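Colleague: Protein chains in written order, with the working numbering: chain A, 1 to 378; chain B, 379 to 556; chain C, 557 to 829; chain D, 830 to 916.
It is worth saying that the hints were derived from the structure and are not from the lab.
All values derive from a computational prediction rather than experimental measurement.
Hints may contain errors.
[Unchecked claim] Lysine to any residue pairs mimicking SDA-like chemistry, simulated, CA-CA at most 25 Å apart:
(1) Lys558/C / Glu913/D
(2) Lys788/C / Gln898/D
(3) Lys467/B / Glu362/A
(4) Lys570/C / Asp244/A
(5) Lys884/D / Pro568/C
(6) Lys832/D / Ile559/C
(7) Lys801/C / Arg886/D
(8) Lys781/C / Lys848/D
(9) Lys832/D / Glu362/A
(10) Lys781/C / Ala870/D
(11) Lys884/D / Ile559/C
(12) Lys558/C / Thr834/D
(13) Lys781/C / Arg886/D
(14) Lys595/C / Ala888/D
(15) Lys825/C / Gly300/A
(16) Lys236/A / Glu837/D
(17) Lys558/C / Ala888/D
(18) Lys3/A / Ser532/B
(19) Lys236/A / Asp601/C
(20) Lys444/B / Leu357/A
(21) Lys558/C / Thr835/D
(22) Lys444/B / Arg345/A
(23) Lys848/D / Asp569/C
(24) Lys381/B / Gly300/A
(25) Lys249/A / Val575/C
(26) Lys781/C / Ala841/D
(27) Lys775/C / Arg883/D
(28) Lys541/B / Ile440/B
(29) Lys461/B / Gly361/A
(30) Lys558/C / Ala841/D
(31) Lys874/D / Asp569/C
One letter stands for each residue in the lines below.
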Amino acid sequence: MSKQVALLQGNEACALGAIYAGCDFFGGYPITPSTEVAEEMALMLPRSGGKFIQMEDEIAGIGTVLGAAAAGAKAMTATSGPGFSLMMELLGYGCMAELPCVIVNVQRGGPSTGLPTKGAQADMLQARWGTHGDHQAIALCPSSIEECFTQTVKCFNLAERFRMPVLLMMDEFIGHMREKMTIPQPGELETYTHPRPKIKPAEYRHFGEGTGVGGAYAAMGSGYRFNITGLTHDPKGFPTNRADETKWKMDRLRAKVADHLPELTEVEREFMDDAEIVIFSYGAAARTAQQAVREARAQGVKAGLLRPTVVWPFPDQVVTEALRQARAMVVAELNQGQMILEVERANRTHTRVLPALRYDGEMITPAEVMNVIAEAAR
Amino acid sequence: MSKRHEIRLSGSGGQGMITAGVILAEAAGVYDGQNVVQSQSYGPEARGGASKAEVIISDQEIHFTKATAIDILLAMTQEAWDKYSHDLKSDGVAVVDSFYVKEVDRPGVHKLPLAQMARQEVGIEMVANIIALGAIAGITKVVTRESLEKAVMSRIPKGTEDKNRQALEIGFRLAAGV
Amino acid sequence: MKIHPAYEMLRPDKNFPNVWCPGCGHGIVQGAIIRAVQKLGLDRDEMAMVSGIGCSSRMPVYCDFNSLHTAHGRAIAFATGVKLHNPKLHVIVITGDGDALAIGGNHFIHAARRNVEMTVVLMNNMIYGMTGGQYSPTTPIGKRASTAPYGTAERDFDPCSLAKAAGAVFAARGTVYNAAELEKLITQALAKKGFALVEAVSPCPTLYGRLNREGNAVKMMQWQKENTVNVKAAEKLPPEKVRGKIVTGVFHDAETPGYTEIYDRVIAKARGA
Amino acid sequence: MAKNTTVEEARAAIEQDFKQGYDLPVYVYKPWCKSCEICVAFCPKQVLEMGEDRKPRLARPRDCIRCRQCELRCPDLAIFVCEEKAK
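One chain only, chain A, in its complex shape (with noise of 0.2 Å):
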């Protein structure tokens, strides 16, 4: 079978993403600029017997989608700003009952209605901290049509593993852009599904190994009858309020991201060995990164780029080596400055950090960069 080379925008790749990984329900509620994702999807899972539901709003499609996980379903929902505060809630009702399930954020300009046909990557520290109470977060950012493919199908393999909400923070600039790009063959990505348990029913603890990461977990209706809720719980599921039981649950959640920061940290690289000027960019900014990189070199400057592809957890030993190699580092973005807070907060050796920002819903320019980057070679 030859290799099937297709123009694709990123909404688009995104859901054919999830068809690979094997998602089998979509729960949502349209919302400009991710829509095109719930109409993919809408097209493509009956097709495979999997389920398609538009829901009444965006707090319904995330509870539909964490329900069907809890029934087994590699489940994912897809929205932008204003949907995705309405999910916070039960973004961490996801987090405390450990359910996998992969959540896209089509980032567009806010707050509040904001700019709905433009992009921004201003839902950053939302994603990392919108809910409310400890939790920790996973996420990850597309810069090319072909990681939006690659990346989803990354998230439901993060999610089934971790037992965790898994957010693709993807923007307007990348979800609605078109490139062209190779569909992977069935086997050529790796795709992960949890394994079920083995033990008999009696012995089962829902909540029970370790912190979970890897482990064997049941959905409902396969023979394993346990308890699932968003209050604190013991490893069986059950309430409580417990002080010793809460710490361990609250350990559980921090280690089983915290245990595991080699596995989750992604960052890409260019021209880094020799950079005295590095630039720290994700997402559609990165392109522009990218593009500014080389210019930057054809004019002599040692100019490189770090380019996490999982934001969170952040890549903080990647950024404080970098930092401590580099003159200055530049963080550009499309917000009026979120990650280069924990940039900052990674500066053990006080580097300078410069921000190149743009926050007016269009692109930043690698002139706009390449702005920064002399200032940061002064």
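Fit chains B, C and D to the given chain A structure using the hints.
Modeller: Just chains B, C and D, lined up with the frame of chain A:
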């Protein structure tokens, strides 16, 4: 062709500018084997308002995804010309609809009867975007005719093949007369 | 068998007594649900009990089914996902008047409209019990609550009319005083293939009863006993004789294809295309 | 309130009581009873009354008609009607 081509197709919502952009990108990317990035911007309205689609074609990897120095501009309305012609390069190629665009503030603009030909020869104005694609490809050779034809056929509704093939033919004919 | 017949349906390792106040009607509803499940011979492994937040919503943790205790108001949204992904499961939604009709009102009407196959047991105690007695969408106008110290100024919902109007296939009301009738109504609802509502009027002596001087659990159940009219009898009575009373029985019973059944046709069409 | 017990513990305690010769038509599992008095108030034959421990007790067992109203209305599943002994 070792060059980055930035192409902007502009008009009003409903004139098929985004469809035209997708077809052009598919012709260049999938059938001609170039690297390609296609994007668009539009207002909240489904019909009316200024609308543009941009296609960047290059034999190199495309990093920056937006068009900022336009090599090829299509304007199907006066509003689109007024709004989107400012960053057309001095040696850029401009094609405008001669019926809807009356005032152009620079020399060398190709004024072609795109909408008129669509109405008179094909019978529906809707295919003016395909005529425009034919004209642009004919004038600039930014994509091959075979690839453009394949891309048109893969992206249009079933049952409209003849009308679109005719429209493409008209476009290339107009280009030959330039 | 020298044991309470309901015990086999309770979680063996869950501590009892349950969380509810003395005389709370919710435990009576739990008993009725368990007996209905036993009567129909449903397989526990194929039971999914989904709840929201509130007093009533604590029920699933005690029942030895697949149980999902969700967020406030969202039980029906979760339950829709459970049912749609695994239509084999018998889904029972346990909810209260605030959970189902205030914060979850949108999900309630839309699940009824879609006719998603689930049995919704709505325990109506006309008050928010868990948070300390605030008024709910079913608190009758003029009645007192901690957030209505002078009596509420709001009219109340009739959950059965609401469900029927939104498209449910079954809507019925019972009281905990008449636990046998309640059990019968839940049994009927569980057998339906569509969105079925059973409203169980369940007294809250601790808050509603105290705030409105209606007495303890026994007095409140005595009131139920004396002020309940069956829907068939009510139809023949003049309206003034029915006003202020609890009308019980089946209000609506229809046969319409359920959501998962219709969705199977969508799948067949998508695959044929 | 009574000490919390699991269903298994309740079962064992009840079985123990039966082994030791419990022989009345109605059984009250006291650790789960919250003394709401519903069973006493609505017994059609008035066979139950509240004991000094504020738990129901079967005062007039011979009047019990095993109608199960107490069992159906107990919010705590703490009272049930026993099967009739086959003699």
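Colleague: Confirm or reject each hint.
Modeller: Hint by hint, here is what the structure shows:
no., hint, verdict
1, Lys558/C / Glu913/D, "10 Å, holds"
2, Lys788/C / Gln898/D, "24 Å, holds"
3, Lys467/B / Glu362/A, "20 Å, holds"
4, Lys570/C / Asp244/A, "19 Å, holds"
5, Lys884/D / Pro568/C, "24 Å, holds"
6, Lys832/D / Ile559/C, "20 Å, holds"
7, Lys801/C / Arg886/D, "33 Å, violated"
8, Lys781/C / Lys848/D, "38 Å, violated"
9, Lys832/D / Glu362/A, "65 Å, violated"
10, Lys781/C / Ala870/D, "12 Å, holds"
11, Lys884/D / Ile559/C, "19 Å, holds"
12, Lys558/C / Thr834/D, "18 Å, holds"
13, Lys781/C / Arg886/D, "24 Å, holds"
14, Lys595/C / Ala888/D, "32 Å, violated"
15, Lys825/C / Gly300/A, "61 Å, violated"
16, Lys236/A / Glu837/D, "17 Å, holds"
17, Lys558/C / Ala888/D, "21 Å, holds"
18, Lys3/A / Ser532/B, "18 Å, holds"
19, Lys236/A / Asp601/C, "17 Å, holds"
20, Lys444/B / Leu357/A, "16 Å, holds"
21, Lys558/C / Thr835/D, "17 Å, holds"
22, Lys444/B / Arg345/A, "32 Å, violated"
23, Lys848/D / Asp569/C, "23 Å, holds"
24, Lys381/B / Gly300/A, "22 Å, holds"
25, Lys249/A / Val575/C, "22 Å, holds"
26, Lys781/C / Ala841/D, "36 Å, violated"
27, Lys775/C / Arg883/D, "18 Å, holds"
28, Lys541/B / Ile440/B, "34 Å, violated"
29, Lys461/B / Gly361/A, "17 Å, holds"
30, Lys558/C / Ala841/D, "11 Å, holds"
31, Lys874/D / Asp569/C, "36 Å, violated"
Comparing the model with each numbered hint stated earlier shows that hints 7, 8, 9, 14, 15, 22, 26, 28 and 31 do not hold.
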